[in-house]
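Protein chains in written order, with numbering that gives the first Met the number 0: chain A, 0 to 166; chain B, 0 to 623; chain C, 0 to 101.
Hints listed in this document are in silico derivations from the structure and should not be mistaken for laboratory results.
Hints should not be assumed to be uniformly reliable.
To spell it out: a stretch of chain A is covered by chain C in this simulated footprint if at least three of its residues, at any positions, have a beta carbon under 8 Å from a beta carbon of chain C; those stretches are [claimed, not checked]:
#1 42-50
#2 70-78
#3 99-106
#4 125-134
Note that beta-carbon positions come from the ideal geometry of N, C-alpha and C, so glycine has one too.
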Amino acid sequence: MIALFYVASAVALVATAMVVTRPNAVHALMYLVVSFLAVALDFWVLGAPFIAALEVILYAGAILVLFIFVVMLVDEGPAGVAREKRRMTPGGWVGPSVLALVLLAEVGWIVFQGDATMTAAKVVAPKTVAIALYGPYLIGVEVGSYLLLAGLVGAWHLARGKRAARE
Amino acid sequence: MAHVLWLIPALPLVGFLFLAIFGRRLGENAAAAVAVSAVTGAFAVAVAETAHIVSGNLTGVQQTLWTWIRIGDFAPRWEFSLDHLSVCFVLVITGVGALIHLYATDYMHGDESYSRFFAYMNLFVASMLTVVLADDLLVLYLGWEGVGLCSYLLIGFWYKDPANGRAARKAFVVTRVGDAAMAVALFILATHFGTLRIPDLLQQVPHTWVVGQQIATLTAFMLLGGAIGKSAQVPLQVWLPDAMAGPTPVSALIHAATMVTAGVYLIARTHPIFEIAPTAMHAVAIVGVVTLLIAGFAALAQRDIKRVLAYSTISQIGYMFLALGVGAWSAAIFHFVTHAFFKALLFLASGSVILAMHHEQDMFEMGGLRKKLPVTFWTFLAGSLALAGFPLISAGFYSKDAILAGAAETNLWLWVGGLLGVGLTGLYTFRMVFITFFGEAKHEPHRLPSPAAKTALITLAVLSIIGGGLMLPDYMGGFAPLGHFLEPVLPTHEAGHAPMSEPVMALIASLVALSGIGLAWWLFGTRPAFLERLQSGAFARGLDRFMLGGLGFDTLYDFVFIRPFVGLGKLNHRDVIDGVYEGTAALTEMGNHEVARTQNGKLRWYLAATAGGAALLLGLAIWG
Amino acid sequence: MTQIPFEQGLMLAGLLFALGLLGVMVRRNLLFILMSVEIMLNASALAFVVAGARWGQPEGQVMVLFIMATAAAEASVGLALILQVHRLLHTLDADEANRLRG
Chain A
0 MIALFYVASA
10 VALVATAMVV
20 TRPNAVHALM
30 YLVVSFLAVA
40 LDFWVLGAPF
50 IAALEVILYA
60 GAILVLFIFV
70 VMLVDEGPAG
80 VAREKRRMTP
90 GGWVGPSVLA
100 LVLLAEVGWI
110 VFQGDATMTA
120 AKVVAPKTVA
130 IALYGPYLIG
140 VEVGSYLLLA
150 GLVGAWHLAR
160 GKRAARE
Chain B
0 MAHVLWLIPA
10 LPLVGFLFLA
20 IFGRRLGENA
30 AAAVAVSAVT
40 GAFAVAVAET
50 AHIVSGNLTG
60 VQQTLWTWIR
70 IGDFAPRWEF
80 SLDHLSVCFV
90 LVITGVGALI
100 HLYATDYMHG
110 DESYSRFFAY
120 MNLFVASMLT
130 VVLADDLLVL
140 YLGWEGVGLC
150 SYLLIGFWYK
160 DPANGRAARK
170 AFVVTRVGDA
180 AMAVALFILA
190 THFGTLRIPD
200 LLQQVPHTWV
210 VGQQIATLTA
220 FMLLGGAIGK
230 SAQVPLQVWL
240 PDAMAGPTPV
250 SALIHAATMV
260 TAGVYLIART
270 HPIFEIAPTA
280 MHAVAIVGVV
290 TLLIAGFAAL
300 AQRDIKRVLA
310 YSTISQIGYM
320 FLALGVGAWS
330 AAIFHFVTHA
340 FFKALLFLAS
350 GSVILAMHHE
360 QDMFEMGGLR
370 KKLPVTFWTF
380 LAGSLALAGF
390 PLISAGFYSK
400 DAILAGAAET
410 NLWLWVGGLL
420 GVGLTGLYTF
430 RMVFITFFGE
440 AKHEPHRLPS
450 PAAKTALITL
460 AVLSIIGGGL
470 MLPDYMGGFA
480 PLGHFLEPVL
490 PTHEAGHAPM
500 SEPVMALIAS
510 LVALSGIGLA
520 WWLFGTRPAF
530 LERLQSGAFA
540 RGLDRFMLGG
550 LGFDTLYDFV
560 FIRPFVGLGK
570 LNHRDVIDGV
580 YEGTAALTEM
590 GNHEVARTQN
600 GKLRWYLAAT
610 AGGAALLLGL
620 AIWG
Chain C
0 MTQIPFEQGL
10 MLAGLLFALG
20 LLGVMVRRNL
30 LFILMSVEIM
40 LNASALAFVV
50 AGARWGQPEG
60 QVMVLFIMAT
70 AAAEASVGLA
80 LILQVHRLLH
90 TLDADEANRL
100 RG
C-alpha cells in the first residue's frame, strides 16, 4: 500500500512539473489530468474513497473538461505554441523559483517541527462523511450551493457575446 | 468728578468705531459731525477736568478702570491720570485736534473715503490721548503703538498710489526701530521693579539707582531711542519728510502738533530716570541741537511747501529736545504748546494754498497769492512770525527764548547752536512766505477756503500771537501761569551761571531772527541778480542737491542698511527655509512615485508580491 | 492499516503547492495561470485529506468537498472572464491586461 502511495505521489509531482513547463495548452491539460488522477489515487490510499471518487468525477472530469473547451475556443494553433515557447525564458524562472523555494522551506520547517509520527490510515467511509456534512456542516453545504449559483449566473453572463449582452 | 476722566479717550474711540462700522452709509455731513463732535466733546471734558483740578488745587485726577493683565505679581491696570503735565498735552491734543478736524471737513470734501479718513483721525486722537493719560507704561506703550498704526494708515490714506504706501511703510519701519529700543527700556524697568506703574516707578527709581549707574543710563538711552523714533530726530528723522504724502490735515495733526511730540512727553514724564543718568541728558541735548541744525539746513533747499514745514517740525522738536536735555523742562513744554499752535496753523494754511493751486505743492509754481488768498496769507504770516520767533508779538519768541536761556546756562556751544538755528529758521520760513505769497502770480486760485477752514485758521493765528503770554520771562514781569502750573510735576530749572543776562540774550536772539528774515527778504523777496549766478555754479547745485535730500541721510541708510539687506535677500533667493518644506514635499513625491511603480497592473507581479508577502509573514510567524 | 508518514504527506502537498505557485508566477498565458491555481487548490485539498486521515475524522473530507465546489465556481467564472479578455484584447497575455495600473 505504501509503495502505491509513493508511486502515485511521484507521478503527481512529475506530471505537475510538466504542466507548468509545457508551451502547448492541450499538452499541459493532459498532464494535469494525469496529475489529478494520481492525486485521486493518493486519496484512496489515505482512506478517503469518497473524495477520491469526487476528485476523478468533478475535478478531472468536469472542471478540466471545461478548461479543454475554452482552450479549443481560444485556440491559436502553432503560432500560439511558438509564442509560449518564446515567452518562457530561463532567466524568468529564477525569481519565482527562489520565492517558491523560500516558501517551501518555511512550510517544511513547520511540518518537520513535530515528531515524526506514523499515521494509521483509517478508512473514513462515505457514510461518515455524509453524516458529518448534513449534520454539523449543513450551513457549509447551503453556502456552497449559493456559491455555485453565483458562479453559474456569473459565468453565463460573462461568457455571452457583446451583441447578446446589449439585447 | 474723576469718574468721567475715561470719557476723554473714549469719545474719539467711540467716534472711530461708529465711523468704521457705519461710515459707508453716512453722508459727508453726518460723518464730519460725528468726528468733530467726538473730539470737541473730549475737549469739553478735558476743560472741565482741568477747571476741577485748578479750582480745587489738586495735583491731579486719577481713575482706575480695571486690571488689564495679572501674571503673578505683575498686574498692570488700565489707569488714567490727569496731572499738570498731561493737562497741557490733553488740551492741545483735543483743542488743536478739534480745530484740525473742523478744517478737514472742508479739505477732504469730495474724497471717496471721507468717513474712513475721519475714522482713522478719531482713532488717532484716542490713541494719543491714551499715551498722555496712561498711568502705566504698558498702557502708554499700547497707545504709542496705536499712534504708530494710525500714522501708517493716514500717511498711506490714498493707497491707490504706491508711493504713498512706501512712505507709510518707511514711517512705520523707522519708528519701529525706536519702538524696539523703548520696549527694551520697559523690559529693564519691569525686571528691576516688578511694575510698570508710572507713579511707583518714578518714586522708586531715584531711591534704588545711583546717579550715573550703568543700568539707569542704559534705560534712559533706550527711552531716548523710542523718543527719537517717534519724534523724528537724528538719526531716525528720515521718515517725516516722506510722510507728507498724506493729506494735509494729517500732517498738521500727527506730524506737527501731536504724535511727533510723544517723544517729548515720554522724556518729560520719565524725567527722574533721566535725571539720574546725566550722560543720557547730555545726549538728549546734543541730539536736539544737531537735529535742529541739520533740519534747518535741509529746509532751506526744499521746493515742496509741505517738506519745508516737515523739516521745520523736525528742527523745532530739536529745540524741545535741547530744552529737555539742559533741564529746562517747562520751557520744552511751553515750546511744545506754542509749536502746536503755529505749526498746525502753517500746515492748515498751506493746505488752503495747495487746494487753491489745484493740489500743486511746489512753491516755485506759486506766487503772488497775497492778494488772491487774503485770509490764508495773514494767518500764514502770523504762523511764520511765530515760527521765526519774531520779537515780542509772537508766541514762538517767548518759548524759544526760554529754551535758549536754559541752553546758555549749561553750555555755551549749545546756545550758539540754538542761535544759529534761529537764524536758519527765520531764513527758510520767510523764503517760504516770499516765494509763495509775493512776486508774480503764476496760476489763478481755484478753490477758496470755506468758513470752517477760515475759523480754524483764524483761531490758531490768534493763539500763535497771544500764546506767548503763557510764560513770560522774569525780566518782563514773570507772569508765567504755565510755569507755575507745571511746578508740581516738573523740576524747576535751577538758574545756573549764564554768560550774560537774560534781556541781553533775548536781544541777541531777536537780532538774529530779524536778520534771518531780512536776508530772506533780500534773497527771495527782491531777487537780486547775483543770486542766479550763484545758484548756477556746480558747487552750489551739488550743495543744493545734498540739502534737498535731507543732508544725505536717506542715501546713507540706503548704502548701509538697505542694500546689504536686499543683497542678502537675493542670496537667499531660493529660500533656505522654504527649501526644507519643499524638500520634504519633493521627498514625499519621490516616495510616492516609487511606490506607485508597484501598481503596474500586471497580474503576475501582484501574485508574486502576494507570494513574497506570505513567505515574509510565515517567516515572521516562525522565527519572529 | 497502512501506515502513512504524516509529514511526508504534508510535504507532498507543499511541493505540489509550490509547483503551482511557480506556474502562476512564471507563465504569462492566462489559461496557464488558471491551471496553476487549480493545482494549488488541489494541493491544499490533499493536505486536508492527509490531516483528516491522521485523526480519522470526516472533517478533512468535508473541507475537501467545499474546496472542490469553490474550485468549480471559480474555474467557470475565470474561464468566462478569459473568453471576455480574449474578445477584448485579442490576446491572452496577462501583461497586456494592465489598464488598472496606478
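* To do: Check each numbered hint from earlier against the structure, then list the numbers of those it violates in ascending order.
  => Structure breaks no hint.
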